[in-house]
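Visitor: Just so you know, the sequences run in chain order A and B.
Using the numbering used here, read the first sequence as starting at 1 and increasing by one per residue.
Using the numbering used here, read the second sequence as starting at 1 and increasing by one per residue.
Watch out, some of these pointers could steer you wrong.
Claimed, not checked - Ranges between beta-carbon positions, derived for each pair: (1) D368/A <-> D540/B: 45 to 55 Å; (2) P223/A <-> R182/B: 53 to 63 Å; (3) G533/A <-> R546/B: 52 to 62 Å; (4) S499/B <-> R532/A: 21 to 31 Å; (5) T385/B <-> R532/A: 49 to 59 Å; (6) D592/A <-> R584/B: 21 to 31 Å; (7) M390/B <-> S499/A: 55 to 65 Å; (8) G76/B <-> D516/A: 39 to 49 Å; (9) P378/A <-> I544/B: 26 to 36 Å; (10) P89/A <-> H364/B: 25 to 35 Å; (11) D406/B <-> S499/A: 50 to 60 Å.
Claimed, not checked - Covered stretches of chain B (in silico footprint by chain A; criterion: 3 or more residues with CB under 8 Å from a CB of chain A, positions within the stretch not fixed): (12) 18 to 25; (13) 41 to 50; (14) 145 to 156; (15) 527 to 533.
Honestly, the hints are just simulated from the structure, not real lab data.
All C-beta atoms in this analysis are idealised placements derived from N, C-alpha and C, irrespective of residue type, glycine included.
For reference, the chains in residue letters:
There are 2 protein chains.
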Amino acid sequence: MTADEPVADLAKRRGLFFPADEAYGGAAGFYAYGPRGADLKRRIEESWRRRFVVREGHELVDSPTVIPEPVFEASGHLDGFDDALIACPECDAHHRADHLVEDAGVVADAEDLRPAALEDLVAEHDVRCPTCGERLAGQPVEAFDLMFETRAGPGDGRPAYLRPETAQGTLVEFPRLKTYARNQLPFGVAQIGRGYRNEINPRKAIVRVRELTMAELQQFYDPERAAPPLSAVADVPLRLLPVERQDEDADGDVDEDDAREPIETTVAEAVDRDVVANPWLAYYLGVARAWLDRVGVDPDRLRFRQHREDELAHYAVECWDAEAEVSVGPTSEDADRETADEEWIELAGIADREDHDLANHAAHSNDDFTLFREYDEPRHVERPTVDPDMSEIGPRFGERADAVVDALERLAVEDPDAFETEADAADGDDAVTIEVDGEPHEIPAEWVNVRVAERIERGEHVRPHVVEPAFGVDRVLYATVVHSLRRDEVDGDPRTVLSLPPEIAPTPVAVFPLTDDNAERARDLVDRLRRRGVDAAYDDSGSIGRRYRRQDEVGTPVCVTLDERTPADDAATLRDRDSTEQVRVPLDDVPDLVSRLRAGETTFDSLRAD
Amino acid sequence: MTADEPVADLAKRRGLFFPADEAYGGAAGFYAYGPRGADLKRRIEESWRRRFVVREGHELVDSPTVIPEPVFEASGHLDGFDDALIACPECDAHHRADHLVEDAGVVADAEDLRPAALEDLVAEHDVRCPTCGERLAGQPVEAFDLMFETRAGPGDGRPAYLRPETAQGTLVEFPRLKTYARNQLPFGVAQIGRGYRNEINPRKAIVRVRELTMAELQQFYDPERAAPPLSAVADVPLRLLPVERQDEDADGDVDEDDAREPIETTVAEAVDRDVVANPWLAYYLGVARAWLDRVGVDPDRLRFRQHREDELAHYAVECWDAEAEVSVGPTSEDADRETADEEWIELAGIADREDHDLANHAAHSNDDFTLFREYDEPRHVERPTVDPDMSEIGPRFGERADAVVDALERLAVEDPDAFETEADAADGDDAVTIEVDGEPHEIPAEWVNVRVAERIERGEHVRPHVVEPAFGVDRVLYATVVHSLRRDEVDGDPRTVLSLPPEIAPTPVAVFPLTDDNAERARDLVDRLRRRGVDAAYDDSGSIGRRYRRQDEVGTPVCVTLDERTPADDAATLRDRDSTEQVRVPLDDVPDLVSRLRAGETTFDSLRAD
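Next up, chain A with everything else stripped away, as it sits in the complex (with noise of 0.2 Å):
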């Protein structure tokens, strides 16, 4: 049994999540969300939405998945976006170089290490193939890029690449956006949906796939302007763990017990400290540090960690992890199973992009990837203008005479002094010399008459720089998942219990009637819930304890029974997942008390207290 296998065996048993297309013997890194986990889902990215962009004031947009090639010439990942791919010569499987060199105790990180790099520790160590134990020794490593390749439009088409992230959709639109920001920085915008990576062996069910869905945010402001809102977050712990903290020792090792013990601190101070160069990052550290908390991951299983330079993607100047602890430990039933091993994933990537991809994206295309940036006063700037003598430069120059005027307007502003005359003008003998189409011309410069204009500037144009947390939603859910997972004993039973928060439970309420007089009466109760847009399940079905069972695995919150006493008294229990406890209420409060306890706006106990 793995470590992973409770919770694999839990996700297919009740509909969370499972590989897809098993009746065609399944096709590796993809899996279907079954009916718990796509609700699961949906209200993870909600919440994400509400946190992100509702409360932050940014906006939502919904750019195509499907992304014409010029766009990742310009952002580098048709180049860079690629990982270390080893074939056996025996049994035909790939593998990731990198992995099989780390996997072999060679080296901790070898990500980054280049193909030839990897191709010498393979053969150095003597790795094997893991699949049949085949030498992989003078295999070549050769870079494989993880963007699937499609081809749009008829006949042909055009080479088009399933986008890998979806922050390319959203920074290609930056010259629409940036109007409907009325051209003000900061602001920011949003995408959840799905991207694609080819990864050469996915793995742990969700965690690593094909396709995934990502909540990203590009954080557009201006470097020398608008500060973060920090205060707003100053005093959220953050568990950081900074670059100095991975040294590897000369084996390239890492010393566990030591340098990776993370910084306890908070936003603000890490901010103060310099622990986190970028305040915008330090911010949405804040931000992602308390929704994940919110949205069930355990603080205590959760820490930033800072990427190394040789980790950093191409695009990123600093960029900090959220990663989460996601091994299953013991459980009641095999308690003297030995604890496994700590396991970290990466939940986000909070990302300095600077102005790397605007940059790239106005050199690439012809639209304008700026914003005009006022200035606090206008300010008084001197141009030389040029107003030359066109009845000399005319007959001289023909048709040319245009870039003779174009070259010495040119002059004029990066050389103004080429045009001041020995004892100004008194001998006329002075020229100043341009070039037009490669050959060189020598221009009296009595002919050109260059003033100097005093001007009044607004502004300037700056192109915005760019934050970016970037979630995994699939990992955000794994790890919610496992870190929700519980086993305990109710009256001497052993029970699975996933106590998510009521915010992102899938199923809000499950309604049970237990004698037969009580099935219209608790349709009618399922039916009201459902009209209010609230998911309600309904089970008559096995004795009331397995009904239980069936909801505390898919983390159901509340459960309301209509029993023996229900046709007299109109009233139903609700039970609480956690406690198991159960107070009686009336049945017609049974719709707005779930959405109050949904909501935090009561809570268990207090009911059991009024």
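Given chain A's structure and the hints, the job is docking chain B onto it.
Guide: For chain B alone, kept in the frame of chain A given last:
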């Protein structure tokens, strides 16, 4: 100015939708949703989910958009999902041959003509290239597969396609989904997500795009058992255009005046009179009609048109399209413009897929696509069973003995009389002939003891049928925008207003501080709204009139102004989008009032009456 331009112009200007990747010259058939459009689309999806999933007690799932090739071999999409492509020999433009023939007035509907027939018509009627005018006669017409192809996995990978519908992702998981429904019919499983169709000629903005958003429900049911809950929608009015009202005359022209007049009826009547053959289909026509009305599709510009036999998809036996009329009529600005021609687009297809897909997946995979249906009463059935004499068969057939026994068992079920011997085995000469590995063998009847055993059978395995309501979310959004777009005058000034239902309006409320000393108060109000999850807009720029116009154009139902009286009376003015009437309310009541207006729990008129 084309008829669509007011919509396209508004959509770009106010951030509803716009062509994607325009910085790189655009990508035909790909559109991006801006801030207001992404919110509008999300709210339409959420409304659909509430109606078709939550309220029906169905389930939502979320499966990959990349699906391996064998699934589409089984579903028939690899062969049957294509359009007729013709290329211009002069300018290399690609066109849909059927559309060219239709546009030339040759036949009214050419979609289902075969390539050879289209080639003949192109030649016969001298059809020209719409791009350059070149003759297309003699050019080949080819079936062009509309699925985007890609490859998944390292190296060359395996062929896979971007799904052209969400349906296959749901249907292929039926063996697991049935267990979540505890093997009980009927149940419904929905998906909302991307679909991809590599259209030859994308057109009309988001109406015919290559990447779209679909909302599809697979209603699984037992055709011999459970009926749909028709009473819930019995009285819903329907405008139906059945096949017999679409008859073409000898020239292939439809007589527009008469034959195309739809029948005005109700769901119950349509079933009673057999206009709609499948009652499950009629049920979802009713649900669709009610829901489209709710999200702002004008019932007077909506009809349900039945597919003729020649246009049915390969998987359907009966299908009705929800169609909306989306021409943009004269506005107050150019009232003398002629009324645009009627233009109908498909918003949804509601199809009876019978067991087409499940049967195909069962045939092509090893999984079980049936459910067990219990008989009302257990049945006593007689089943022949075989007890062969292995002491004879074993030595004679060696390792083929098992195959011989299997063949005998099959024969006993198919033709038990074959084992009856003359005079009941008196002479021992009788034999039965079986085939093993293609070879016939004679087996003495006396080696085989056939008994007819009586068994009690509780039920049988049945393959569910599927009725599928499939909505194009982008098109519903488009129709909603067109039907909500009005031009009127306010105080003598013309205005454009999008009278969207409050439930789907992208911005529920906008807050305007009219004086500087209200800025902080207004920001506080916005913050309170946002903390509740309400997407409140804040606008402090320009005249009050301009601020109203901006919100009117994106359909914001309520605006709140804080004016010079607010610091004294702690009250604000609520202004209704459609009537432009105003009411003064306490500032503290604003968040609750906004929520209640949106939920339909109160109206603007009743606020004014208070």
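Visitor: Are the hints correct? Go through all of them and say.
Guide: Hints and how they fare:
1. D368/A <-> D540/B: 45 to 55 Å: Violated, at about 26 Å.
2. P223/A <-> R182/B: 53 to 63 Å: holds (58 Å)
3. G533/A <-> R546/B: 52 to 62 Å: violated (36 Å)
4. S499/B <-> R532/A: 21 to 31 Å: holds (25 Å)
5. T385/B <-> R532/A: 49 to 59 Å: Holds, since T385/B and R532/A (Cβ atoms, about 57 Å apart) stay within the stated range.
6. D592/A <-> R584/B: 21 to 31 Å: holds (30 Å)
7. M390/B <-> S499/A: 55 to 65 Å: holds (59 Å)
8. G76/B <-> D516/A: 39 to 49 Å: holds (45 Å)
9. P378/A <-> I544/B: 26 to 36 Å: Holds: the Cβ-Cβ distance is about 28 Å, inside 26 to 36 Å.
10. P89/A <-> H364/B: 25 to 35 Å: With Cβ atoms ~33 Å apart, the hint holds.
11. D406/B <-> S499/A: 50 to 60 Å: holds (53 Å)
12. 18 to 25: Since 6 is at least three, the answer is holds.
13. 41 to 50: Coverage by chain A holds here, the residue count being 3 at a Cβ distance below 8 Å.
14. 145 to 156: Since three or more residues must qualify, the claim that chain A covers the stretch 145 to 156 of chain B holds, with 8 doing so at under 8 Å.
15. 527 to 533: With 3 residues closer than 8 Å to chain A, the stretch 527 to 533 of chain B meets the three-residue bar; holds.
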